[in-house]
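Let's have the full structure, built from the sequences with the hints guiding it.
Number of protein chains: 2
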Amino acid sequence: MPMNMTENEITLAIIKAVQEGKKKSFRDIIDELQPYDMYQQYQAIPSKHKYKFLYYLSIEQLTELMEELELDDKLDVLHRLGIERSTKVLDLMENDELASFLSDLEPEKIEELLSEMKPKESQMVQDLMNYPPETAGRIMNNRFVWIKKHYTIGEAVEKLKEFAELAEYLNYLYVIDEDKKLVGVVSYRDLLLADNSQKIEDVMYGRVVKVDVYEDQEEAAKLISRYDFVSLPVIKEDGTLAGIITVDDIIDVVIQEANEDIEMLSASGKAIDFNTKPWVAAYRRLPWLIILLFVGLVSGGIISGFEETLDAAVALAFFMPMIAGMTGNTGTQSLAVVVRGLVSEDLTLKQAGKLIFREMWVGIFIGITCGILISIIAFFWQGNIVLGMVVGVSLLLTLIIGTLAGTIIPLILYKLNVDPAIASGPLITTINDILSLLIFFGIATAFLSQIV
Amino acid sequence: MPMNMTENEITLAIIKAVQEGKKKSFRDIIDELQPYDMYQQYQAIPSKHKYKFLYYLSIEQLTELMEELELDDKLDVLHRLGIERSTKVLDLMENDELASFLSDLEPEKIEELLSEMKPKESQMVQDLMNYPPETAGRIMNNRFVWIKKHYTIGEAVEKLKEFAELAEYLNYLYVIDEDKKLVGVVSYRDLLLADNSQKIEDVMYGRVVKVDVYEDQEEAAKLISRYDFVSLPVIKEDGTLAGIITVDDIIDVVIQEANEDIEMLSASGKAIDFNTKPWVAAYRRLPWLIILLFVGLVSGGIISGFEETLDAAVALAFFMPMIAGMTGNTGTQSLAVVVRGLVSEDLTLKQAGKLIFREMWVGIFIGITCGILISIIAFFWQGNIVLGMVVGVSLLLTLIIGTLAGTIIPLILYKLNVDPAIASGPLITTINDILSLLIFFGIATAFLSQIV
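Protein chains in written order, with the working numbering: chain B, 186 to 637; chain W, 186 to 637.
Calculated directly from the structure, the hints in this document are not laboratory data.
It is possible that some hints are incorrect.
Note: identical chains are not told apart, hence a pair may lie in one copy or across any two.
As the list claims (entries may be wrong) - Cross-link-like lysine-lysine pairs, in silico, DSSO-like; alpha carbons within 27 Å at most:
hint	residue 1	residue 2
1	Lys208	Lys259
2	Lys421	Lys209
3	Lys535	Lys334
4	Lys366	Lys207
5	Lys384	Lys344
6	Lys294	Lys421
7	Lys539	Lys334
8	Lys334	Lys259
9	Lys462	Lys237
10	Lys235	Lys535
11	Lys209	Lys344
12	Lys365	Lys201
13	Lys600	Lys273
14	Lys235	Lys333
15	Lys235	Lys539
16	Lys346	Lys333
17	Lys303	Lys201
18	Lys209	Lys384
19	Lys237	Lys333
20	Lys535	Lys233
21	Lys235	Lys600
22	Lys209	Lys334
23	Lys366	Lys384
24	Lys462	Lys535
25	Lys237	Lys600
26	Lys209	Lys535
27	Lys237	Lys365
28	Lys600	Lys462
Structure follows, in structure tokens:
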């Protein structure tokens with residue numbers, strides 16, 4: 186038993202067992218490993234031993250390994266397993282895992298893999314894949330125990346024992362009526378504490394928190410984190426129970442949604458991680474950068490429109506990066522607050538109005554503080570009180586407008602159901618750049634005679 | 186039963202029951218509500234009914250309500266309950282919830298509340314509060330069932346039934362030896378499928394994934410999301426079992442850590458949500474803005490250092506915002522990739538080297554593409570091929586340097602264990618601003634005779 190062995194020692198023991206053809210020692214080691222650790226070991230051993238590693242694993246262990254692997258490695262393992270074993274593994278894989286794996290493949294490959302599977306398993310996966318990405322239906326699974334409402338507690342416990350292998354968590358049993366509609370939920374705790382002859386419908390909890398198959402996965406995440414559930418039932422339009430979403434999938438959703446928010450704030454493009462190839466990463470980041478390059482030229486165009494002002498008072502150029510940068514910063518701050526607030530709060534019209542009003546006041550406070558500060562600095566640096574006033578007033582105005590732009594633009598996009606990635610951080614920054622230059626040079630031009 | 190009532194109907198029914206003094210109808214409604222929904226109802230009813238609402242709740246329900254409330258409302262409820270009931274509620278509250286509530290209070294208030302509680306409960310909460318914030322010890326709780334390794338399966342099931350009320354999840358039982366050291370874990374599934382007379386130590390799983398009390402809460406989150414557990418045991422230095430961390434707390438950790446990353450990228454300051462008062466929000470965002478204001482003035486200083494160049498070729502000013510903006514954007518993109526990558530990947534030196542190398546290539550690809558593009562645009566706009574070349578080459582260099590700065594700075598800070606908030610997005614943007622202006626004006630000055 187590898188209880189007290191380090192990971193490296195386990196790797197060596199596995200290689201030894203594989204080399205010497207000792208299947209039993211190999212299994213003894215693997216049996217003690219969690220799926221993630223088995224996956225780490227599979228990654229760690231030299232390539233030439235991988236074939237035998239797979240050969241020695243049971244179908245259940247292969248399935249666990251498959252669920253941990255990256256896309257390319259999944260395909261590689263299926264290929265190495267051959268058609269018979271790989272089909273058994275696909276049949277055993279969790280439906281939601283399989284659906285998510287298949288949806289990354291070419292249509293022909295999907296069909297090829299599905300055609301070998303058991304019709305029932307294959308049909309269930311296809312059902313899942315028919316729901317749009319990032320909906321509750323797409324991430325649900327069928328590893329739960331349901332009972333009928335007329336069961337007694339005793340009957341329910343029997344069924345629970347029978348399906349213990351299948352159910353992911355044993356915390357709740359979902360109760361359905363004759364039409365398979367979800368009508369209640371019973372916790373395992375309730376079963377333990379109730380009398381064996383009592384009816385389920387008398388002890389069940391009838392006000393079930395549930396989610397529709399077509400609901401956004403973020404909504405499911407919000408409910409699970411709000412109610413501290415470990416699973417959430419998913420229902421079809423007719424109220425029948427379609428599946429459950431489990432908390433481990435929700436953690437992945439929460440991380441994924443946070444990453445999407447950050448990709449949006451930084452325009453870094455979808456799903457770049459440490460292992461993405463440089464050209465792929467560059468290709469994903471470029472579209473935004475090129476758009477922003479053109480938008481940046483608009484700023485340049487504005488400055489060129491004020492060429493005479495700039496020619497007359499080159500000192501204005503010294504304050505340009507500060508004003509543009511500050512406006513961009515406040516805009517991004519407001520944007521971040523709005524985007525992350527929506528993760529846990531529902532957005533009502535009242536809430537939105539309150540938020541805009543709050544951010545306006547934040548802009549005013551920040552603007553007054555920074556405006557006074559920069560007026561004093563500009564006056565001492567350039568020795569011109571009007572220049573100081575122009576810079577200060579410009580900063581006050583641009584900070585208020587920048588804060589409001591960073592609040593209102595994402596709120597409008599959210600309400601219009603437009604992909605909020607459009608309101609990415611750099612775009613807000615660039616819009617605020619343009620607004621700030623217009624305000625700054627506009628005011629400076631009006632007072633030009635007093636500045637030079 | 187309010188099974189099919191809307192939230193508004195429930196609110197009206199609750200108000201009616203309270204007004205007419207019908208405690209039984211009130212309880213019937215509340216019994217069907219989840220803690221979060223009860224909290225929503227408490228928020229929804231008019232203030233004058235809140236006293237009676239609290240009066241009608243059982244101690245258990247009050248405890249559930251308390252755990253949902255915001256800080257100010259918690260204090261308000263404790264005040265309304267009076268010393269006797271409020272102490273009962275505090276005794277019943279989950280230790281981690283109570284520790285997190287108390288740590289937001291003044292020391293005198295903490296002492297006052299703790300002194301009334303049962304010595305045992307009070308001691309446990311104080312133990313938790315002794316662990317530093319954001320460690321595993323701080324977020325663990327004691328709602329788990331432990332068994333000794335020499336128990337039989339039958340004895341373990343008995344103990345499980347006995348403590349079913351107390352345990353949060355019934356998925357795993359933790360196994361300890363004579364010295365209270367954690368030596369194994371048994372899933373409830375294993376219990377159901379094993380023979381009643383078997384010994385626990387023969388069926389338990391010995392290679393327990395666990396976390397140290399002083400470990401960062403992020404590490405606990407990484408383990409739970411990696412292994413798909415619903416709870417994770419926490420051990421003290423001597424190997425004894427101190428508590429468990431449950432998945433519902435980990436979801437909060439994941440959201441909190443994502444928010445911290447975003448606060449860092451946007452410098453929006455800690456814990457600003459939709460309900461923060463405007464002056465508080467402004468106060469939290471200001472420190473960074475003022476620092477960035479001064480850093481922005483450094484950019485201005487650089488430009489003023491190149492005043493002669495700028496005077497001779499005002500057209501250079503037109504490209505300034507674009508070059509500075511683009512460099513800031515690539516830096517933020519790299520920063521975002523590094524920061525979020527660390528959420529799920531462990532950072533080895535090899536991994537860091539690989540990442541820097543990858544980002545360098547991304548910078549080169551992006552730099553060449555955008556450099557060529559802007560050279561052509563600049564040539565056609567200003568009709569000067571040397572100006573076009575100067576702008577293009579500057580952009581190529583600044584994009585490579587910007588990408589590297591956005592990668593290396595956060596990696597160094599992470600390795601030095603410096604609060605990564607220092608590498609906030611606006612700071613990277615501003616550093617990149619300065620670098621890009623130096624490069625741009627440096628090259629432009631060298632070729633000045635050919636530009637004008």
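Checked hints:
1. Lys208 x Lys259: This pair counts as within: shortest intra-copy Cα distance 23 Å, inter-copy 60 Å.
2. Lys421 x Lys209: For Lys421 and Lys209, the Cα distance exceeds 27 Å both inside one copy (47 Å) and across copies (35 Å).
3. Lys535 x Lys334: So Lys535 and Lys334 fail the 27 Å test inside a copy (41 Å) and across (57 Å) alike.
4. Lys366 x Lys207: Close neither inside one copy (52 Å) nor across copies (33 Å); limit 27 Å.
5. Lys384 x Lys344: Classified as both: same-chain Cα gap 14 Å, cross-chain 25 Å, threshold 27 Å.
6. Lys294 x Lys421: neither (29 Å within a copy, 50 Å between copies)
7. Lys539 x Lys334: neither (45 Å within a copy, 57 Å between copies)
8. Lys334 x Lys259: Cα proximity of Lys334 and Lys259: none, with 41 Å in one copy and 38 Å across.
9. Lys462 x Lys237: neither (29 Å within a copy, 63 Å between copies)
10. Lys235 x Lys535: between (59 Å within a copy, 23 Å between copies)
11. Lys209 x Lys344: The answer is neither: 35 Å in one copy and 35 Å across copies each exceed 27 Å.
12. Lys365 x Lys201: Answer is neither: 53 Å inside a copy and 35 Å across each miss the 27 Å cutoff.
13. Lys600 x Lys273: neither (46 Å within a copy, 45 Å between copies)
14. Lys235 x Lys333: neither (47 Å within a copy, 39 Å between copies)
15. Lys235 x Lys539: between (59 Å within a copy, 24 Å between copies)
16. Lys346 x Lys333: both (16 Å within a copy, 24 Å between copies)
17. Lys303 x Lys201: Close neither inside one copy (37 Å) nor across copies (57 Å); limit 27 Å.
18. Lys209 x Lys384: between (48 Å within a copy, 23 Å between copies)
19. Lys237 x Lys333: Intra 46 Å, inter 39 Å, cutoff 27 Å: neither.
20. Lys535 x Lys233: So Lys535 and Lys233 pass the 27 Å test across copies only (23 Å; inside, 63 Å).
21. Lys235 x Lys600: neither (51 Å within a copy, 34 Å between copies)
22. Lys209 x Lys334: between (47 Å within a copy, 26 Å between copies)
23. Lys366 x Lys384: Classified as within; 18 Å inside a copy, 42 Å across copies.
24. Lys462 x Lys535: So Lys462 and Lys535 pass the 27 Å test across copies only (16 Å; inside, 45 Å).
25. Lys237 x Lys600: Neither way: Lys237 and Lys600 sit 55 Å apart in one copy and 39 Å across, limit 27 Å.
26. Lys209 x Lys535: neither (66 Å within a copy, 35 Å between copies)
27. Lys237 x Lys365: For Lys237 and Lys365, neither the intra-copy (46 Å) nor the inter-copy (41 Å) Cα distance is at most 27 Å.
28. Lys600 x Lys462: between (36 Å within a copy, 24 Å between copies)
Of the numbered hints stated above, those contradicted by the structure are hints 2, 3, 4, 6, 7, 8, 9, 11, 12, 13, 14, 17, 19, 21, 25, 26, 27, listed in ascending order.
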